[in-house]
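Asks: Sequence:
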Amino acid sequence: MEIQSQPLDQEEMGGLIGLCIDAATKNLESVEKWRRQRRTLERMPTHLGEVVLQRLLSRKLVYPSLLEIFQHCVGSINLRGENLVDVEWMAYLGAYRYLHSINVSGCRGINNSSLWPLTGMDTLKEVDISRCSKLTDAGIVHLLSISKLEKLFVSQTGLTEKGIIQLSSLRKLSVLDLGGLPVTDLALSSLQVLTKLEYLDIWGSKISDGGAAVLKMFSKLNFLNVAWTNVTKVPHLPNLTCLNMSNCTIHSIFEGIADREEGPHLRKLLLSGATLSDINDALLHVEPRHIFFLNVSQSTLQDFEFLGNMTALEHLDLSFTRIRDNNISPILLLGESLRYLNLSNTRLTSTGLGLLVGNLPHIESLLLTHTGVDDSALSYISTMESLKVLDLSNTNIKGLHYLVGHSPDQILTLVELQNLKHLERLDLEETQIRDEAVQPLFGISGLKSLSLKSDFLTDISLHASSSLVNLKFLRIRGALLIASGYASARPLPLLKCVKWRKCWIFDNVTLSSFLSDHGLGLSCHELVPSSPSHWLAYCGVALDALYQTFMACSLHILGRPKVMRLICTFTKVPLHLSYISNQIENSITSSPSTLPERVKWNDNQLFFIAFKSSSLLYNHFAIYQI
72 MEIQSQPLDQ EEMGGLIGLC IDAATKNLES VEKWRRQRRT LERMPTHLGE
122 VVLQRLLSRK LVYPSLLEIF QHCVGSINLR GENLVDVEWM AYLGAYRYLH
172 SINVSGCRGI NNSSLWPLTG MDTLKEVDIS RCSKLTDAGI VHLLSISKLE
222 KLFVSQTGLT EKGIIQLSSL RKLSVLDLGG LPVTDLALSS LQVLTKLEYL
272 DIWGSKISDG GAAVLKMFSK LNFLNVAWTN VTKVPHLPNL TCLNMSNCTI
322 HSIFEGIADR EEGPHLRKLL LSGATLSDIN DALLHVEPRH IFFLNVSQST
372 LQDFEFLGNM TALEHLDLSF TRIRDNNISP ILLLGESLRY LNLSNTRLTS
422 TGLGLLVGNL PHIESLLLTH TGVDDSALSY ISTMESLKVL DLSNTNIKGL
472 HYLVGHSPDQ ILTLVELQNL KHLERLDLEE TQIRDEAVQP LFGISGLKSL
522 SLKSDFLTDI SLHASSSLVN LKFLRIRGAL LIASGYASAR PLPLLKCVKW
572 RKCWIFDNVT LSSFLSDHGL GLSCHELVPS SPSHWLAYCG VALDALYQTF
622 MACSLHILGR PKVMRLICTF TKVPLHLSYI SNQIENSITS SPSTLPERVK
672 WNDNQLFFIA FKSSSLLYNH FAIYQI
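Each residue of the sequence shown is one higher than the one before, starting from 72 at the first, in the numbering used here.
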């Protein structure tokens, strides 16, 4: 008997079933009330059992023995990144009668012994043990007896050539991820008996062109990743639709085809960081009219004329390439099809962007970060009426245009963006916008995500953002904000995430007020020390140079009707502030609530900090809905 999980639709989750799940997974006390009702849980539909278990996992309420009660009602479990998972957890999971998929990728407690409980599980079809560094050839042996295994992910584990060769006994494999492993030509040759393979990932392996010739034996292959290898030539693979040759030196793709129209219908091509002496020779045997996804970022390309033949292209990434105003014309030929265009970190200016006006009517995402565009580009962008995502961070945008020099007469240039009725995400970090310039943004009613970073922003902008009733994500960095600014900000009904970084100091009273206005309550995570909870703030200190000492913890903010999570990333850096007044030093060490609204030190001062005291400084905090 096999139980297939069915997705739980939002209507169900928002009704009686959703209320029941919320009540059952609220806290450990709630779990204890029902965990002994084994008979009821055994009859729970699989899709509900999986939702309950994942909810408990997200709230850190699962312990090994609790797993036992789900053994009849869970078919798929995702434990990715759960560091508490070890051999004891796996022992309980090995008893699951209908388990067909298990993901323990990135679980540091998984070792060779942890896989023993999975031995011979005839229901298991998918196993993901990627990034479990303690796993070696001895551990992979336990999986060889799983006769129905179809998908196996073992990238970045401790497997050697010997262990990889043993995988040839899993004849039903259709998906195999060996990324980051020492796959040699010999090891790859031994795997050619896996004739059902449709997906093969061998990035960072040791294969050469000689080993790559074996790939033609995988006639059903539709996905191939040979990034970061010495492969320069890929043979004809009749069913290949996605090819990744990033960071390779490329000579030819599908060489040997008499007529490229009869070759593979390649849909996705990733050549990021690739070395291409002649792109036309490399793609000579590739039919360009089928490609809809192309990534040539950071490649050595100088000639972009080949783009004109890719008439079905929807996604194009040209970031970190030599594209500029005088060679952007091939993009104009992409016309109706293009939806995503990344020109970040190129030499493009507003002049080049102006050439695109009217030629990309359906463009939905435009990324221009670290380019030379300025306010004159906004009028061109305003004509791209289908835009949903716009990234103008690290550009010359000021939001103001002075009619004559720096005279008082000025135009608010960001008002042009109000024409973008479908715009949902806007990034203006690291620009020179000021409070008066940013005001037109708050007339973009459909905006769901807004990111701002400027030393010229104050509480005025925070208050104005309250008019964005559809906003779900707000990120403000480097602004001069004080407690009164939070108090004046009206609650946003759909807000799920707030990130404030490198801005200011405020005390727990201000935070509590903000949370109260949003209908939330606060409870601390057990990992957070009690003393810093009095001042959940970042002092505006430039601690980026001390990244290696950063730690992560979380505070859970539980409320009605929303459930939020407060993530605090902080650094435990002992600070002796001998060059700062004793009053400030005493405030930090003895009475955090008396800290001034804003304290800021520059990088040079930080380098002279003596490590003597034991203060905890928060780098930033963010509030998330979960």
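To be clear, the hints were calculated from the coordinates, so they are not data collected in a lab. Warning: the hint list may mix true and false statements.
As the list claims (entries may be wrong) - Pair ranges (Cβ atoms, derived):
1) Asp93 <-> Lys287: 50 to 58 Å
2) Arg393 <-> His493: 28 to 36 Å
3) Leu483 <-> Gly89: 42 to 50 Å
4) Ser400 <-> Thr207: 32 to 40 Å
5) Asn430 <-> Thr346: 24 to 32 Å
6) Glu159 <-> Thr231: 26 to 34 Å
What the hints assert, rightly or not - Simulated crosslink set (DSSO-like; lysine-lysine; CA at most 30 Å straight-line):
7) Lys277 <-> Lys339
8) Lys222 <-> Lys131
9) Lys233 <-> Lys291
10) Lys277 <-> Lys287
11) Lys459 <-> Lys519
12) Lys233 <-> Lys243
13) Lys243 <-> Lys205
14) Lys219 <-> Lys304
15) Lys205 <-> Lys339
16) Lys291 <-> Lys222
17) Lys205 <-> Lys222
18) Lys243 <-> Lys277
19) Lys243 <-> Lys219
20) Lys267 <-> Lys219
21) Lys97 <-> Lys459
For glycine and all other residues, C-beta sits at the position ideal for the given N, C-alpha and C.
Asks: All the hints need checking, so say for each whether the structure fits it.
Replies: Evaluation of the provided hints:
Taken as a hint, the range 50 to 58 Å holds for the pair Asp93 and Lys287, whose Cβ atoms sit roughly 54 Å apart. The beta-carbon spacing between Arg393 and His493, approximately 31 Å, falls within the hinted interval of 28 to 36 Å. One distance hint, 42 to 50 Å for the beta-carbon pair Leu483 and Gly89, holds here, with the actual separation near 44 Å. Here the CB-CB span from Ser400 to Thr207 is close to 54 Å, at odds with the stated 32 to 40 Å.
Range check, Asn430 to Thr346: about 30 Å between beta-carbon atoms, so the 24 to 32 Å window is met. The hinted range of 26 to 34 Å is satisfied by Glu159 and Thr231, whose Cβ atoms lie roughly 27 Å apart. Of the pairs offered as hints, the one joining Lys277 and Lys339 holds, with about 24 Å between alpha carbons and a cut-off of 30 Å not exceeded. Pair hint Lys222 plus Lys131 holds up; C-alpha atoms about 28 Å apart against a cutoff of 30 Å.
For the given pair, Lys233 sits about 25 Å from Lys291 by alpha-carbon distance, which is consistent with the 30 Å threshold. For the proposed pair Lys277 and Lys287, the alpha carbon gap of about 18 Å is at most 30 Å, so the pair holds. Only pairs whose Cα atoms come within 30 Å are accepted, and Lys459 paired with Lys519 is accepted, the gap being roughly 10 Å. Straight-line distance between C-alpha atoms of Lys233 and Lys243 comes to about 20 Å, which keeps the hinted pair within the 30 Å bound.
Between Lys243 and Lys205 the alpha-carbon distance is near 26 Å, which keeps this suggested pair within the 30 Å criterion. Between the alpha carbons of Lys219 and Lys304 the distance comes to roughly 33 Å, so the proposed pair goes past 30 Å and is violated. Distance hint between Lys205 and Lys339 is unfulfilled; the C-alpha atoms sit about 34 Å from each other, more than 30 Å. For a cut-off of 30 Å, the pair hint linking Lys291 to Lys222 stands: about 15 Å separates their Cα positions.
Distance restraint check for Lys205 and Lys222: the Cα-Cα separation of roughly 21 Å lies within the 30 Å cut-off, and the hinted pair is therefore satisfied. Between Lys243 and Lys277, the direct Cα distance comes to roughly 25 Å. Compliance with the 30 Å bound is thereby established for this hinted pair. Taken as a hint, the Lys243 and Lys219 pair is honoured in the structure, with Cα atoms around 7 Å apart against an allowance of 30 Å. Between Lys267 and Lys219, the direct Cα distance comes to roughly 13 Å. Compliance with the 30 Å bound is thereby established for this hinted pair.
Taken as a hint, the Lys97 and Lys459 pair is broken in the structure, with Cα atoms around 36 Å apart against an allowance of 30 Å.
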